[in-house]
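A.B. asks: Hints in hand, dock the two standalone chains.
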Amino acid sequence: MSLKKVSKEQPDKFEFSEENLSLAKKIILNYPAEKKKSAVMALLYLAQKQNHNWIPLAAMKYIAKFLDISYINVYEVATFYSMYNLSPVGKYFIQICTTTPCMIRGAYKLVDVCKKNISEKENELSCKKNCSWTEVECLGACINAPMAQINQDYYEDLNVKQFEGIIKDILKDIKPKPGSYRGRVNSEPEKNRQTLIENKNA
Amino acid sequence: MLKVKVNDIDIEVEEGLTVLQACEIAGAEIPRFCYHEKLSIAGNCRMCLVEIEKSKKPVASCAMPVADGMNIKTNTKLVEKARKGVMEFLLANHPLDCPVCDQGGECDLQDQSMFYGIDKSRFKENKRFVPEKYMGPLIKTQMTRCIHCTRCVRFATEVAGVPEIGAIGRGEDMQITTYLEKAMESELSANVIDLCPVGALTSKPYVFEARPWELKKTESVDVMDAVGSNIRVDTYGWEVKRILPKINEDINEEWISDKTRYACDGLKYQRLDVPYIKKENSFKKISWHDALQILKDKINVTKPEKIAGLTGDLTNMETLFASKELFHKVLKSKNLESREKNIYINLNDRKNYLFNSEIKGIEKSDLILLIGTNPRYEATMLNARIRKSFLKNNTEIFSLEDLGDLTYNYKVLSNTTEEVKKIIENNCDISSKIKNAKYPLVIFGESALTLNSSKYMFEGFKKFLNENNKITEEWNSLNILNTNASAVGSYDLDIVCKTNETLEKIDKNFFEIIFLIGQDNISIDKKNEFIVYIGSHGDKGAEIADLVLPGAAFTEQNGYFTNLEGKLQMAFKASYPPGEAKEDWVIINEISKLIDGNGLFKDKNELLNAMNSQINSSKKNEFSNLFKEEYINEKILTLPIDYYHSNVIARSSKTMNECRNIRSKLKKTGTEG
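Protein chains in written order, with our numbering: chain A, 1 to 202; chain B, 1 to 673.
So that you can see chain B by itself, here it is in the shape it has in the complex (with noise of 0.2 Å):
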């Protein structure tokens, strides 16, 4: 510990810490623009000037690493002028266009220019023009605003891992550009919107939408995929104008994902607003209380077991928990089922679905295995944590298949079950790199659990890693990596068919009514059923339906959400559904009561202590001896995803299709010219 003193407070810190970290543990406010606490340091905007007792200048705080005894100084008559010259420089080229500005309101060169700034400028020759540059459909850029703190430069190059932004030219020259002013090729491109301190990356899709203080700021969680990141869900009257993140440094530190972000367009269109029915081909408008009662009639001439219900993923615990109570309680039919393919799941035991070591655990790991999975588009900010820990500890990565660029290296095996076998029976070079590591990780994807082999892999590799205790109370080396939100409450809630065969029975066409609440990602090859389709958007799954009922998005109601490593969290409800939609859980509980008259439940309380009451309850499952363990030499084969188009909001987004249309071009012409 090294002792110091700022403003003549004696405070003890670490070493290692900077003049500006060591400050603000003092509680020293300290401007600054190109400092960031996730980002390299870069020590050019100058803003962090402090004094230093025996220094001649005052000195960079956010460069300069702490020493013992020194004597800062934050609020002297020297700090304040320096901080005022340096304002007036980067005040000298920056625009007076604040009242068009996008960044106004919540921009830090406004705040702390009122905090440290002059009120005129002493400079009187013409300002620098700086032509807009291409940074892509996401990122606005206006970039005679920029100060040049590079944050975009370094988050690109350090925590997207693609590094496509750089500072041309120098001096008044310099100017921050994309290569050649090509889209960022990242999943994580947007952040640079939050990280610029002003207005020089803006939204391109928010542009000219709203000013920050007209927006209810609701606290919520995303469910584009399983991680569950912290979101800051900005409303207008009903509409949902922004996403930002919310920092969680467990699951997804400051950043989101750009279809966490910008999905949320999305939330606008092709929403389903009052109960439709299908007649002679085409929709029709019908009251709730007409479509509930030809509900009631389809139901009581049909037997329990021609029943059928999906549930899908974007579907939150509440919804799920009272679909199981009404298939069980209500309907008595034992085919419901939450997942969109035969995924191999053992329900004995929670640690067989989750994703144990934790989304912050991957940063001490030194080694990972990828199994049948691509993290950078199934779960893209676990993808960001593990190049953080390649970039860190050096981690050493392999994959099964070649899965392209992952912003990361990693060693190439071969992608066949046989080199599976070979690991767990302790086999290969991989095996004692494994039983070496001291916290190796093993993902495995939901594309190898759909394998025929995929009990053997899955239970062969639990007792591999058991056996060379790599399965302890302390570190679990054993993960599944979900993609869907709804995925982990499913299992939490018991949601799989016990006898696995539902699927295969809407295959064969044995049902006679199919429920598909928020599922729309499965194929069904429709001919005698009754679909009835519960959900927000009229996508695949209402396009079939034969009734359909209005639900609410997961920004209209408050609904928990567990993600992939376990952790309960909930979406707060920061808008309210549109039209005559209700939220899902009180559609569901309507059938019931219309089918037995008395309703699961007589308010949301009552739901909620009936879920906990069930998922605390201990599991016994006797569903995963359904499948064979046998082994079967096949092709371990990541299935690709449509990432800016894997669910229904981001399939109603006009920003998801067009990042979906200018990937795909690239793909075609290739981005090597």
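One chain only, chain A, in its complex shape (with noise of 0.2 Å):
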């Protein structure tokens, strides 16, 4: 991972819209009045889903602002983790795993998927800029591996046909199914439940 670039295309204003507005201000009240900034992280978080996957710098001025800290404490934060975007990843932001487990599954096989659909580089919009893919590191879900992560939801046990056809729907504005593709519950064995069967609550 690098640093993240921030967008040089910078929106001029951002708001809370009203429901998430409302939503900051309870956030806040988790927190002690003298100790709000800590309210940072979920606020940046808060922005992001409200910005379409990303955070512009006039949404972490208006955060600054609202916690009474200064530009640079929320700047820290957003250019910290990597969970925040600081430049366009359209609509539908698709996260490829590609740590063992999954590279082992063919994490690979999806990523040049990705890289015939969608753009030829990371972190690029397809060319009707409503999506973008980056390889990331092990998301947690390695027994259901190879998996993608799209926007909020995981997408599991995918094959090389699967993804086309997910990417080809997200490309139309289509939202997939989430979950396991070869018809899982969770992580549970494909065909049931082979042990502890006699346990209802396993």
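Bear in mind the hints are in silico, worked out from the structure with no lab data behind them.
Please read these numbers as outputs of a predicted model, since none were measured by experiment.
Some hints here could point you the wrong way.
[Unchecked claim] Taking lysine-lysine and the BS3-like style, the derived pairs with C-alpha atoms no more than 30 Å apart in a straight line are:
(1) B:K364 / A:K37
(2) A:K37 / B:K133
(3) A:K37 / A:K8
(4) B:K498 / B:K526
(5) B:K285 / B:K364
(6) B:K38 / A:K36
(7) B:K182 / A:K37
(8) A:K4 / B:K182
C.D. replies: Have a look at this one:
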């Protein structure tokens, strides 16, 4: 991972939507009044969700003023965490896990699909500007490898053909069905449970 | 007291100290990069590792509080190995560009790698590269050299009070930068250069100018404001290359303002090196002998009451005293004035024009009231103390008017004399707050003392504070914030026109000869006066002068200055006056010699002895009676200061010009965007 580039094209203004504003105020109440700056991470994430998966500088300033802290404080946090995007990533943000288990199960084939269908390079918008992709480290779904995360949802047990289908749907602005693509429930075995059958709560 | 052992030496230390401080008390030196006495503890450079008995791993001593019975070891194999390891990591990504680095010779990393490092690196990969960052006209960055000690970040947030520097990214990609690479908007910004233990932040105006070992170092005091910060002047031949802070815990701690540090290039430009005479609207060079002869002829045909003198803001006390003697004994004129405006000053007692609580006293104050003063621009170092007090004691700060960002929070009252009246008549919240405060501070600025009701306000406040026991031997809460380095010295020497009318008469073109002794801040609408300018720079004063006598700047002569607290300090001679220029008191002595044949003083010692006896003589002055003690409802407006252009040296300085341009651009476009 290298230092995140801040987009050159920035919107002039950012404000929380009414719904997010009340949510933000609620989040701030989780912390003692003199330590409300602790809410910075939650608010950044809120701003990211509202603004098509990325945080413009205007939003950082807005949050800094919202929490009475300096701009650089917000900027530091925003550049530190990889979950915050500082340049546009499109309405659908695809993150492909390429850590060892996924890699062994063919993650790089998924990467090739992305390269072919979305953009040649990571973090580049597709021609219709509605999605982009990036490689990430382990997303914690190793048992369902290979997998990709699109916005908030996991797409698991993928193969090249299925993943191509998903991408094509996305490019047409249709949200594909999340979850396992081999019909598994969460991380259970493929043909139902094999062990601990008598234990209902297992 | 806690009993600890450092390298088998038993010592007793206070509670709350860190292991590093305990080691220092015991005389064991601990290398460090991120730890700094005046900043919060970060503990991220790991250079200060020591061994503590019963601890399996080496401990970062700067961040470890000392505990009773600790057995600390700083000279074991483990410590040595730990230091070597840390050093190797720090140097892994540090470029080997010491020969072209301005920090060379005074670099902590260089020194400590000599003592604690190993001779070669095992790091075979490519070193990381970090692009340069823009941090304004004073700070040059070379961020590849940065070792991420975060001293600059902590300084900006804690001491300067402008949280604009930060660390972005993480791990190997961590970079220190200002927010979106804007210039730091602080008057203390250049102190990060001193703080930086490596060559990442270096001085932009001083870039590739000299090596530290080539410079002659002279300890001196600053004259850019009345605080009298202690400085070290580094010279190479005649030229003042740079000015650095010198530690004085009572005045400037170990910081200085940007103006103090960087106005020194103004000592090179616009200098007067030979006497000039104005003929047909242009200046002609003239010899000293002829110049003084012309002056003598002029004085001989002029009545004493038609001669006036104005002393300047950078004039040292020797010159002030010599001028006074010249006017009183030789010229027999009473029109010598040191004030630039008719400021109300009560000269009966020294306490009436000093910052009585002292700068270090600010630290314990619990309430501060600012009346017609903007300490951020009038006395930057004093403002830093107020901020320190604000952070430490959560001091309540009030100002009569909205002064913009002062680097701390303050409450704005109304900026009328009515508000002051209410306070001293014990008629509002603030009065009771002052009464209840243990160490209140009332700071009068010069702007408040130029008003018609200045005497009413000042004397009223004095009475109010006296009645409530806030002016005692132990704590005097009445303070005047003078802005000129020479102000308190002039008041000590009684250099104010007793009839209080010199400035008015100058406006009315009453005088025939006016001496401007380093005075460049008064605009004179010249008609038929013969103006003599004695000073160092060709500025406003020399421009209107008929005769220019070249003097010396504060770095070119030994001279006393009394700071706003009344501390007498000496600015030492670090360089010499250019060309035919002479020390100021010598010029004045020569003038008097020419007129009465004797001269005022045989040598400097005689001058100093005479001056001392005068300062120490008790004061009786009826001058303050000339001001009417009346109350008029008027607005108290702090007169804006052109911070980067407040005196001749700063006005001649290219660096100060650049700072001023950048600041005015910021104001135009606004920092919010």
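A.B. asks: Given the hint that B:K498 pairs with B:K526, does the C-alpha gap stay at or below 30 Å?
C.D. replies: This hinted pair holds, its Cα atoms lying about 24 Å apart.
A.B. asks: Does A:K37 sit within 30 Å of B:K182, going by the straight-line distance between their CA atoms?
C.D. replies: Measuring from Cα to Cα gives roughly 24 Å; hence the hint holds.
A.B. asks: Compare the distance between the alpha carbons of B:K364 and A:K37 with 30 Å, and conclude whether the hinted pair is satisfied.
C.D. replies: holds (29 Å)
A.B. asks: Going straight from one Cα to the other, do B:K38 and A:K36 come out at no more than 30 Å?
C.D. replies: holds (27 Å)
A.B. asks: Under the criterion that the straight-line Cα-Cα distance not exceed 30 Å, is the pair B:K285, B:K364 satisfied?
C.D. replies: violated (56 Å)
A.B. asks: Taking 30 Å as the top limit, are the C-alpha atoms of A:K37 and B:K133 close enough?
C.D. replies: The hint holds at about 27 Å.
A.B. asks: Holds or violated: are the alpha carbons of A:K4 and B:K182 at most 30 Å from each other?
C.D. replies: Roughly 19 Å between the alpha carbons, so the hint for A:K4 and B:K182 holds.
A.B. asks: Does A:K8 sit within 30 Å of A:K37, going by the straight-line distance between their CA atoms?
C.D. replies: Satisfied, since the Cα-Cα distance of roughly 27 Å is no more than 30 Å.
The structure shown violates just one earlier hint, number 5.
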